[in-house]
Each structure stands twice: as C-alpha cells, then as structure tokens.
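Asks: Under the working numbering, think of the first position of the sequence shown as 914, with each following residue one higher.
Hint data in this document are derived by calculation from the structure and do not stem from the laboratory. Honestly, I wouldn't trust all of these hints.
Stated by the list, open to error - Okay, derived cross-link-like pairs now, SDA-like style, lysine to any residue, Cα gap no bigger than 20 Å in a straight line: (1) K915 x F930; (2) K941 x I966; (3) K965 x M914; (4) K965 x D932; (5) K927 x A938; (6) K915 x D932; (7) K927 x A976; (8) K927 x I975.
Claimed, not checked - Simulated DEER-style distance windows between Cβ atoms: (9) G922 x F959: 22 to 30 Å; (10) V967 x M914: 15 to 23 Å; (11) K915 x G951: 16 to 24 Å.
Nothing here was measured: the structure is a model prediction, and the numbers come from that model. Glycine included, every Cβ here is placed at the ideal spot set by N, Cα and C.
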Amino acid sequence: MKVLVLNCGSSSIKYQFIDTETETALAKGVVERIGMTGAVLSHSRFDGDSIKIVGEILDHQIAI
Numbered sequence: 914m915k916v917l918v919l920n921c922g923s924s925s926i927k928y929q930f931i932d933t934e935t936e937t938a939l940a941k942g943v944v945e946r947i948g949m950t951g952a953v954l955s956h957s958r959f960d961g962d963s964i965k966i967v968g969e970i971l972d973h974q975i976a977i
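Work out the full structure, taking the sequences as your base and the hints as a guide.
Replies: Encoded structure:
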C-alpha cells in the first residue's frame, strides 16, 4: 500500500509519499512561505532526484 502523509501548518506543508510494503519514502518535500513573497517548493524522490521552485504560492490549495 502507498500512503501520502501531509503535515499542514499556517504557512507550510510538509509531505511524504510512503510505500508501506518496503517502508520506503518514495518522495518527500516541503512548501514554505505559503501566502508570502518568495514561497519555496522543495521536492525530492527516493532515487535522489530533487527540485526547488521559488515563486508565488497564494494558499494551501495551490500548494497542494
């Protein structure tokens, strides 16, 4: 089974996508400064590939 775990704060969202059979984090990341200038999305995959995007993220719905 695969599970998406979300931790939503007032201006951030942290997440992990986990394969419970292998106990592996397939992906994880954080969206910071939601609703502020200079919002940042940092995302990484289990294979080490990652991305960082800086831009405007107005609310939690857009962040997700």
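Asks: Now tell me if each hint is right for this structure.
Replies: Cross-check of the supplied hints:
For the suggested pair K915 and F930, the alpha carbons sit about 7 Å apart, so the restraint of at most 20 Å is met. With a C-alpha separation of about 14 Å, the suggested pairing of K941 with I966 holds against the 20 Å cut-off. With a C-alpha separation of about 28 Å, the suggested pairing of K965 with M914 is violated against the 20 Å cut-off. Distance restraint check for K965 and D932: the Cα-Cα separation of roughly 23 Å exceeds the 20 Å cut-off, and the hinted pair is therefore not satisfied.
Restraint check for K927 and A938: the C-alpha separation of about 13 Å stays at or below 20 Å, so the hint holds. Note on K915 and D932: the hinted pairing holds, with a Cα-Cα distance of about 4 Å set against a maximum of 20 Å. Between the alpha carbons of K927 and A976 the distance comes to roughly 10 Å, so the proposed pair stays at or under 20 Å and holds. Of the supplied pair hints, the one linking K927 and I975 holds, its CA atoms being roughly 14 Å apart against a limit of 20 Å.
The beta-carbon spacing between G922 and F959, approximately 24 Å, falls within the hinted interval of 22 to 30 Å. Remark: the range hint 15 to 23 Å for V967 to M914 is contradicted by a beta-carbon distance near 34 Å. Checked against the hint of 16 to 24 Å, the C-beta distance between K915 and G951 comes to roughly 32 Å, which is inconsistent with it.
Figure legend: structure checked against the earlier numbered hints; hints not met, in rising order: 3, 4, 10 and 11.
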